[in-house]
Every structure is written in structure tokens, then in C-alpha cells.
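Given chain A, work out where chains B, C and D should sit, using these hints.
Protein chains: 4
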Amino acid sequence: MVVVMEHNAKEEKIQNVITHLKEMGFDVHRSDGVNHTILGAVGDKTGLDMRQLEVLDGVHEVVRISEPYKLASRMFKHENTVITIRGIEIGGDEVIVAAGPCAVESKEQLMIIAEAVKNSGAKILRGGAFKPRSSPYSFQGLGEEGLMFLREAADKYELLVITEVTDVGQIPLVKKYADILQVGARNMQNFMLLKELGKIRNPIFFKRGMSSTIREWLTASEYILSGGNREVILCERGIRTFEDYTRNTLDISAVPVIKKLSHLPIFTDPSHGTGIRSKVIPMARASVAAGADGILVEVHHDPDHAMSDGAQSLYPDQFAKMMAELRIIAKAVKRRIGS
Amino acid sequence: MVVVMEHNAKEEKIQNVITHLKEMGFDVHRSDGVNHTILGAVGDKTGLDMRQLEVLDGVHEVVRISEPYKLASRMFKHENTVITIRGIEIGGDEVIVAAGPCAVESKEQLMIIAEAVKNSGAKILRGGAFKPRSSPYSFQGLGEEGLMFLREAADKYELLVITEVTDVGQIPLVKKYADILQVGARNMQNFMLLKELGKIRNPIFFKRGMSSTIREWLTASEYILSGGNREVILCERGIRTFEDYTRNTLDISAVPVIKKLSHLPIFTDPSHGTGIRSKVIPMARASVAAGADGILVEVHHDPDHAMSDGAQSLYPDQFAKMMAELRIIAKAVKRRIGS
Amino acid sequence: MVVVMEHNAKEEKIQNVITHLKEMGFDVHRSDGVNHTILGAVGDKTGLDMRQLEVLDGVHEVVRISEPYKLASRMFKHENTVITIRGIEIGGDEVIVAAGPCAVESKEQLMIIAEAVKNSGAKILRGGAFKPRSSPYSFQGLGEEGLMFLREAADKYELLVITEVTDVGQIPLVKKYADILQVGARNMQNFMLLKELGKIRNPIFFKRGMSSTIREWLTASEYILSGGNREVILCERGIRTFEDYTRNTLDISAVPVIKKLSHLPIFTDPSHGTGIRSKVIPMARASVAAGADGILVEVHHDPDHAMSDGAQSLYPDQFAKMMAELRIIAKAVKRRIGS
Amino acid sequence: MVVVMEHNAKEEKIQNVITHLKEMGFDVHRSDGVNHTILGAVGDKTGLDMRQLEVLDGVHEVVRISEPYKLASRMFKHENTVITIRGIEIGGDEVIVAAGPCAVESKEQLMIIAEAVKNSGAKILRGGAFKPRSSPYSFQGLGEEGLMFLREAADKYELLVITEVTDVGQIPLVKKYADILQVGARNMQNFMLLKELGKIRNPIFFKRGMSSTIREWLTASEYILSGGNREVILCERGIRTFEDYTRNTLDISAVPVIKKLSHLPIFTDPSHGTGIRSKVIPMARASVAAGADGILVEVHHDPDHAMSDGAQSLYPDQFAKMMAELRIIAKAVKRRIGS
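Residue numbers (our numbering), protein chains in the order written: chain A, 1 to 339; chain B, 1 to 339; chain C, 1 to 339; chain D, 1 to 339.
Here chain A stands alone, though its shape is the one from the complex (with noise of 0.2 Å):
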């Protein structure tokens, strides 16, 4: 951390900054220019709120060097995280994609979609147990019967299940059926649960919260990670803004800062990030041309009478004309995706 203070301070202002930052365990580096002391501050200080030294008298500005998270960043790991789960691969060469549909309704329900996006080249199947709705008179989610169609469905087509966990008491459940559990964007910052989903060893796919800064949400991260489990995978799924065309935008330069700044993997999520179903083929084949590692899309066989977010899911034949797109942009930034 570098403290600069006013245009010639006084001496016992800048003594008085040193004491306090020495108070706070740092070792002190003074340097006085011509117009202004510099006080480097040395030591790991990660939670600190800068703000408690910019207030002390003779401080004009306090400038953190290292960022507020350190597992999730590449200065800590400089590989790429690859975390492997029944012989796939998130975040290493090929390209994975998640779909199904937004909430669970019924087995004959999934167990259509999952065979419509498991011979597209799906590899993960999504859907929703337990749903956070704006409206507490929206459907809620079938709960634990939603789960058991789930896994079951997956087990027949061979792929993988994500599903959403909203509170804490919900973890031991959905980890029975479930092999990758999503945070969603409205529990970026639900720490209670985040610091349980650290004590588990299941992967985390970790949505960002929509009015969430990139640091922001790698912070958060840190929930994870530092209570042991190191498997998190980020997922971009659209921020707030003033556009009210589409629903949130979908910030796809998320993809490669993420990628400089984290060894985690990167998704995107254009079915949330955009709202609106002739939006999400353009998103997802954008995303994919950025250089993210996968990417999570609704896929309904009757989006008309969808229980949840019809309007932004995928017909299957659209599905499977995406995924011929996407595996020809694929092959220009190196990358695969299955089939």
C-alpha cells in the first residue's frame, strides 16, 4: 500500500500516519519527493478497509497495490485451474457447455432435453430444484423430487448435473444429487453460505452478482477458496445497466480480464445475459470467440409453456445449430468443443 500525503504536510501529521499504519502491522518505507511524503506500507493486510487511513488528517490518497483477493488470482497460481469431474475437463482445451432447462417441472420434461443436448455435444445438464424468484408468487421449484429427475436424467445420457443452492440448510441435499452446485448472482455476496460451500468439496459454479465489479467478485471468491475448496468456476451472467433492451449485459470483456487476472475458469451465461431467446445464439457464439471455457444455456422442448424463463430458452434444433457455430469458432482461438 502506498500512502501519499498533502502537498507539504506537516511532520507530525506524517508521524502520525506512520503510527498507525505501524498499529496495523505494517512495515513502514518513508520516502519524502520534493512536493510530497510517500509512505510505502508493507505487510499482508488483505481485509483492510483503505478508507480508515485516507481519513487521517494529511493524507491525500491511499493506493493499494495488491488487490483484495489472493487465491483466485494468478499472481497466487499462475496455471490455469483444469478441474476434472468423471473425465471432463472445465478450463482445460475443450469447450464445455451446460444446458437444460431454467427450472425442473417434470421427468418427461428433462429426460427429452437431456437427450436433445447431450447428442448436440452438451456435456453438463442444468437445471433448477429450488428457484430464487423476484415475485414470492412466481413458482418456486420442485425441491428434492426436482433433484432426483435430475440426476436421473443425467445418469442415462451420460453427463453431468449443476443445480442452484440458495441457503445454507439446502447444501446437504443438493450435494446428494448434484456435481457441480451454483451460486447465483443474487447470492454473490450471501456469505453465510459461501463460507459453507468453502467447507464442502464439491465444484462451485460462481455467478456474478449483477451490480458486482470483476474485483468485487473475485473477493468474494475468497469465501470459497480459503475455507479449502479451491474447485470454483466464475460465470459471467450479465450486469446491470441503463440498457433496458435486453435484460442485464452481458459483459463479455469479463471473459478475458478474468482471464488475466485468475487462474479460475471462465463461463458465460448469454440465456440470463441477454433475456431474450434471438439473443442468446449471437451472445454464446461471441462468448466463445472471446475465450471463455464453457458456457451455460436454457434449453426448452416447449419453451411456450415453460414454468420459468421460456422467453430466453433454446428450442433444441436451435441448440444444435448453435453448436455447429460454435465449433467452427472454436478452432480460431485454438480451443475445441465435443461432440
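It is possible that some hints are incorrect.
Put simply, identical chains are the same to the list, so a pair is met inside one copy or across any two.
[Said to hold, decoys possible] Derived pair list, reagent style EDC-like, types lysine to aspartate or glutamate, alpha-carbon separation capped at 16 Å:
#1 K176 - E144
#2 K70 - E115
#3 K13 - D304
#4 K22 - D304
#5 K175 - D27
#6 K334 - E145
#7 K77 - E67
#8 K260 - E145
#9 K199 - D57
#10 K10 - D155
#11 K107 - E145
#12 K331 - D244
#13 K199 - D244
#14 K176 - E6
#15 K195 - E115
#16 K118 - D317
#17 K13 - E61
#18 K260 - E79
#19 K107 - D304
#20 K107 - E144
Don't read these hints as lab results, they were simulated from the structure.
Chains B, C and D only, in chain A's frame:
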């Protein structure tokens, strides 16, 4: 709901939309205009995803007439909700001030602060025992011990206690000590938590999510209200915008907007809303001038050594001066601030 | 337009609204539903401020059916607009790449860069002669001399010239040298400038304002189109959001959205959209994958010494590599990139 | 400026950065810490693009110490700027209210409104003669005739005139009739216009751009100030956020922030800031409570028939009531509002 069909939509498309609306349980009222056929759909479908209709063939636009919330709406209940706790009325003529440290640090700390804020006219003591911090490496709160200190200080100085609950599992414990339970901005859409809070009978202090529209906020409050807990106090605490000088942008216009849309009391939190001590007082004054029913302010007797958010905490004498200014402003809006 | 009256609005209020609508020149078509009276207003009133109706007594909501733009709309003109300049088609099968330095600095600079980008497949040379810089203390451009250098380099390497015009008074001069006139993001709502550009016959490269919705952007384009200049090329260049790692957030979903709403060609500018050299190529790939008709990229042979925006300029060899990748991606969207 | 080198950056990289800094005209002051080498760069380089340094090899971060603006800064001029026009002081003890219609429509209209606002205590008459409308199909203003009406009404009721100038070419005309020239939000970065306004001697009423940070706004004001025109009045008029209930989000915290950073007077515009008549008065009260030097409010005697922005205009009797409330609030901040 009004469904506007496309210019010259074919009869079969119109019939298809009518069929869908009826399947959804609506009564349909058709009107053929010169250019557009318009379908009025009547029925109580608060949880509906309108996009389900927007993607149907031939539909130009779908317009919601009723809001997605109802119990929170002033249409549902015309008179202001006034919540009375041990003789203190929230939402009545008096502007209520809640004050205290960000985090409970020790019994001594709380006693000093409680006495100071009581003397200046505060009615509620605030303080966090379970702190949801963006980094796992920051101070996370004292837990139950903190709750005990809060209760003790509040009882001594005849104040109410407001404190945050961050997880379903904490509710029984927090309820034991607090009068009012706070839901923080990051948990505004933690629906599992909200559902459980709908089952208890303590008033809930319900902060707006940092990227939530007013409509989403009121809709989320339905999770509490529809569970049977009708004592919800709303609190605007700053929204996320591109401006980075302040930590958030306190949306003061939310005060008159909520007053129109809802019967629930509305507070603001100028401490989190700005993140900078010197901006707290001007924004507290602005809140009361705009018609807020109360404010929540961080006060610390030694903010330089506070374990959380010291940079935005007022000194006790600043707090006293602020209260004097607020008393003048309250008159301009035909309110008063008790001494 | 549809005016939805309040629940059980009194007849006199309904009549008052009808009178207003007729005064405004609308034909009114009334429909009395079970709960709400709905008034359909028919007529061509593109410039109307709907809030004028919303504040009338008894009005619940006013819904615009027609968009505020028309000449830019695909409803008005169904086929894609293809602009042909000296044999180069913009908006056709070929994805067109415009490249060059941010600012024109010298003749030598331009000659080196023009040759490099031409060799890699660019069709248009970009460069700024009048630079709208956020600070008056930054380099403001070479003026007419810069325009001459641009023309000379473009002619030598058979490229078109695109350059920015920042004020009405510059139009005659810029027109003398440039093929395509650019309107920068900051001038998207400089309506005096747009009106004048509607009177000339050069194609206009029309960047989206940093905080403009797509609807506002298309509406602003009407200032040019309604003046008689129908050759407008839209360019998404990043919108302002809370994320500050990138300079702006390139809204790639604007590409498929524009393709649906409008017949005009749509480009992206990944250089300004990210502000960081290492993010330009991934976002260029994503743009072509999403269906863009072209991209605008900053290239500089010596970006460390560029007088403007060097930090986001590609080296010529990076540009060549990018073009090779784009050629593969173009196939996935049934397009091509000329060599 | 402080350049922080990467952890263990090699000596040759450090030397390269030093060379660059010296080429740019800085004096360099080196400090080798335990982990990081820090380079302090001293010199007056207000217009510098810091990213030029950030992309150099081995650079971790570049920190600006001085702000990108100087003449607008309170560091440059400590005392408040007070602008006196015909005995009216802007930026002094009195809170100044400017009021009038959005657009000048007729002489009769202006006379009625001018009389009303004068009687309630306004000191400045506002009205638009050249209207920058988002749609070319909306009313564009009366032009010079409107300016004449403004002058005549203002003279009769002893008010100052404020009106908008939207293009360089209009300056001589507008100057003839107006006391204060307004730059609208959409032109905040129309640098050609700002440069010309720097050459005249009328006070400039300078609105914040809808998506501009406070830093960008002050930096843009340097275009006027550095031209020699030191009489700039800043006006916060609402920023663009995701919230869509109000037209914009009036950033009232900009008032105390500007008061700290700058010596220039700061107004707010609650009419454009909310876009809704019933929210104008609460936000006007909030502005004065926050410390604004004045407000700009739209008033119309017959807003239902206003040609522009009627929905956000106050009736004269609402304006009178607002002024009475503001007089009470002014006392709380040790200000007054003249009668």
C-alpha cells in the same frame, strides 16, 4: 395486463394468444383498433413472467397494468403503516433517528455511544454483531456477545435495538435480543431469509439492494409481507452508479417515490449511502427535507480505531449538531424530531 | 399509443383524456374493460412526450406502440442498407475493417500504418485530425494538415478515409478529404451537428453515446436521416457502467439488437470499448461472432509514443494476427473478410 | 504522479520507465522499497493520459496525485467564487432560485409566468429558445423571437435571464439577450462550444452530463475557465442509472462533493433530475438542505398544454408553496432565500 398485437396480425395468431391467456387463467377482453388488436387480460397473476407472452407470434408488446407487488402497495392499503414499539412510533409524525456504531466492538464502546446518541435525540441504537464483509479476511463481528452488549446498552438508555440478521439460522438468536431485525442490501433478494422473516413478528428493517429498482425492492418485500409479517420499514442506502467519488449514490428521490407507491415507512442510510464522513450530514438533512420517516446513521466515539466503517462514522459532537439542524428542517415538512 | 385509465376512472376524466388526445391530432378508439377503460390513440406523432398524458387526472399508464424513430427502423425499410463507396460495400456479405491511429501525428506515421493495415486486409483508414479530448490540456489534433495526410496515405494504399467531425463549422473542410464522416460518442446528441450532416451526402459513421439507450441512439439518427442523408453506419463503442476495470463496457448485444430493430449497418469499436490493448482482440473476435458488419480498430506502429490513446492501440503484427482469427470466425456467421 | 513498479521488476524495466517519464518532462524521484520500486514523477502535466505509462513493461500501477483539473479546483482558489450580476449574488449567502417554462412559447406565456415566479421570490427567469430535443420531430423552440420575449419579460419583472446555447454559431445572438448562458447536459463535452464560451464574459451555467463523473465535469469546465471566463456556475441535473421510475437520478451528494473540490457555485435542477412534477418539490427541498447555492425549476401556468416538459413543470401556486418551505430549510444551513 394489455397485450398489443402487431400491426395487422393474422387472426390465427390473435386466437393463439387468447388461448394462452385463458390457459393462464385470465379473462380476455378483445378490442380491434384500426391498426392494432388489443387484448385486455383480467385476473390476479402477480407472479407472471410477461416475457412468456412477448415471445408469442404476432405479439408487439405486453403491458403490465397491475404492479408485481400488492401487499406493499398503497392501492392495497391507503393509510400509512405506523409501527409502534414500546411507545415509539415509526412512520408517524416524528422523524425517528437510529444511530450507533457499524460493528459492536465491546461493551464499553457501546455504552459510550448509546449515551451520546440518546442525549442528542436518537430513539434506536444500531450496531452489527454479524457483519457481512466483502472480504473473508475482514472483521466478521462478535456474534451473540455483541447482541448482549447491544441489549444492555439499549436498556440502560431506553433505546430500541436494531441489528442485522444475515442467515436463516441466526433468526432465533437475533430475535432474542433485538427489537427490529435488519436485512442488509446484499440480502435483499435472499428469498429464503425473507420467507423466514415473514413468519416472525418483529419489525423488519429492509434495505434496498444496491442495484435494485424500486419495483424489485417492493416486490421482494412481499416475501415478508405475504408470510404474515406486515411490519416492514424500507431503507434507501445508496445505489450503484458509475460515479465513484462517493461509495454509492444515495437515491433520495426514492423517498417521495416510495411515499407514493407504498404505505410502508421509508428511512435512508446516509452513512452507507456516501461512505464519507463529511458527506453524511448534508445527505441526512436532504433525506429529512425530502420527507423521510427516519434515518440510520453510524456514530463512533473513536472512529479512527473503529473495526469497521470508521471512515463514514460521525463523531458524537457532529451527531449532536446534525440533530439540531434536522429539527429545523423537520418543521418545513410538518414533522418533528423528538429530543 | 394506448392510454390505460385508472381502475374505475370517472367518466369525466375519461372524456378529458379523449379531448386531449383529439387536440393532439389522434383518432381515439375506446374500449371499456371490466376494470379499466383503454383508449387506443391512432396517428403519426413521433415526437410526442408521453408524460404529457401520464400526468392527466385518471390516467394509469401510457404505452407507446410505435417507436420514436421511423426512418431508421426495419419496419420502415425491411432490407439491409448497403452503402457502396468506390466498390467497397458496407453492410454487405463482407465484414469491413477500419484501422489506423487514434490521432494523425505526421505523414510518416500514417504511411507506415496505412501500409501495414492494408496488407492485413483493412479497407478503411481511420485517424483523427480534430480530437475531442476530455482535458483542454491534452493534444487537440493537427487540423487540416492531418486531413491531408490521411487522404494522401489512403490514396496511396487504396483505402477509404474515415475521420471525426466535431463541429458544424468543420463540415466543409472534413468533407473535402474524407469519405466517411464520424460523429463521436460525445456528440451523439449534438443535434445542430446532426442536422447539418443530414444535408450532405457523405456516409456518416454514427457512434453510440456512452450513456444512450439503443432507442435514443436510433432516435438521434433520425436527425441525419430525416434531413435526407440515408447513409448512416452505426457503431457501438462501449457504454458507461459501474465496472471500472475496462474503460467502458462494450455492449456486444447491441449488435443483434440493432440487426433486429434497424436496417442500418452496425460496427463496433473494441479499442474505445475496452481502453486496454490486450482486450481489443478478444472483443473484436466477439463482435464478428455476434454478427457485426465491421469493426473500427486503433493501430499504431509505435504506441508507446502515440500522442493519443496509445495504450489501446494494437501493434501492426497483433493486427495481422487478429485479422487471421477473424477470417475463421466470419465463416461461422456466413460472412467473409477480404484480404 | 506515482508509478508503482511490479514486484521485483528488473532494473532495465525501471530504467525504461524513468526514461519515459523524463521524456515527458517529469522530474523523477526514485524509492526502492522491500518489494516494490516506486517512482515519484514531479511536474505539471494536467493533460496526460496515464494509461501511456500503465502499458509499459514492468509497471504495476500508476497513481495520479494531482487532479486533471486545476482552475476549477479549490486547491487553486480557496475562497468561494461569487458571481454578481446587477446586484444579484450567485454563490453568496442567498440561495438563488431560477424559474420559468422549459420552452418559450409566446410573449403572453412568459409575462404570466415571470410575474408569478418574481412574486414568489425567484431572481432569474429561465426559458429555452433553442431546444435540443431527443427527437427531430419534437418542437425545436422559437429561436430569436423567444430570446426577445425572455428579455422583455425579465426586464419588466426585474429578473435575470438564463437560456441555453446549443451551438457555437448561436453565441453572438444569445449573448445579446441573456445574462447567463446555459450549456445543457448533452453538450457538457461539446468542447468546441466550451472553448468559444471561454472567450466571452457572460457567466456560464454548466450542467453535468448525464453520464459524467464529477471529475470529468470539472475537467470539462477547464475548457471555459482556461479560455479566461472564470464565471462558471455548475448545475447537477440527474445522472443516468438503472432506476427507471424517475427519468434520471438526481445525485444530491454532488452538492457537498463539489463544495469540497471546487470554489464554483453549485445549483441543482430538480425538474430534469426527476422528470415528474410531484417529485420536484421534495428534491428542491433536499437540494437546499444539502447546501446548494441555488436551484433551477420549471414553472408553467398551464402545464397540460406546455409544448415541452409540461409533465415536470410546477404550477405557480406549487412554486409559491415550495419557496415558503425552502425559506425554512435555508435557515438550517445558515442561508437565506430572498423574497
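Status of the hints after comparison with the structure:
1. K176 - E144: within (10 Å within a copy, 32 Å between copies)
2. K70 - E115: So K70 and E115 fail the 16 Å test inside a copy (41 Å) and across (41 Å) alike.
3. K13 - D304: Between copies only: 14 Å across, 67 Å inside.
4. K22 - D304: between (63 Å within a copy, 14 Å between copies)
5. K175 - D27: This pair counts as neither: shortest intra-copy Cα distance 45 Å, inter-copy 43 Å.
6. K334 - E145: neither (41 Å within a copy, 44 Å between copies)
7. K77 - E67: Within one copy only: 14 Å inside a chain, 36 Å across chains, cut-off 16 Å.
8. K260 - E145: neither (41 Å within a copy, 40 Å between copies)
9. K199 - D57: Cα proximity of K199 and D57: none, with 43 Å in one copy and 40 Å across.
10. K10 - D155: neither (71 Å within a copy, 45 Å between copies)
11. K107 - E145: Classified as within; 9 Å inside a copy, 49 Å across copies.
12. K331 - D244: neither (34 Å within a copy, 31 Å between copies)
13. K199 - D244: This pair counts as neither: shortest intra-copy Cα distance 39 Å, inter-copy 32 Å.
14. K176 - E6: neither (58 Å within a copy, 45 Å between copies)
15. K195 - E115: This pair counts as neither: shortest intra-copy Cα distance 35 Å, inter-copy 36 Å.
16. K118 - D317: Only inside one copy: K118 and D317 sit 12 Å apart there, 40 Å across copies, limit 16 Å.
17. K13 - E61: Only inside one copy: K13 and E61 sit 14 Å apart there, 26 Å across copies, limit 16 Å.
18. K260 - E79: within (11 Å within a copy, 41 Å between copies)
19. K107 - D304: neither (18 Å within a copy, 58 Å between copies)
20. K107 - E144: This pair counts as within: shortest intra-copy Cα distance 12 Å, inter-copy 45 Å.
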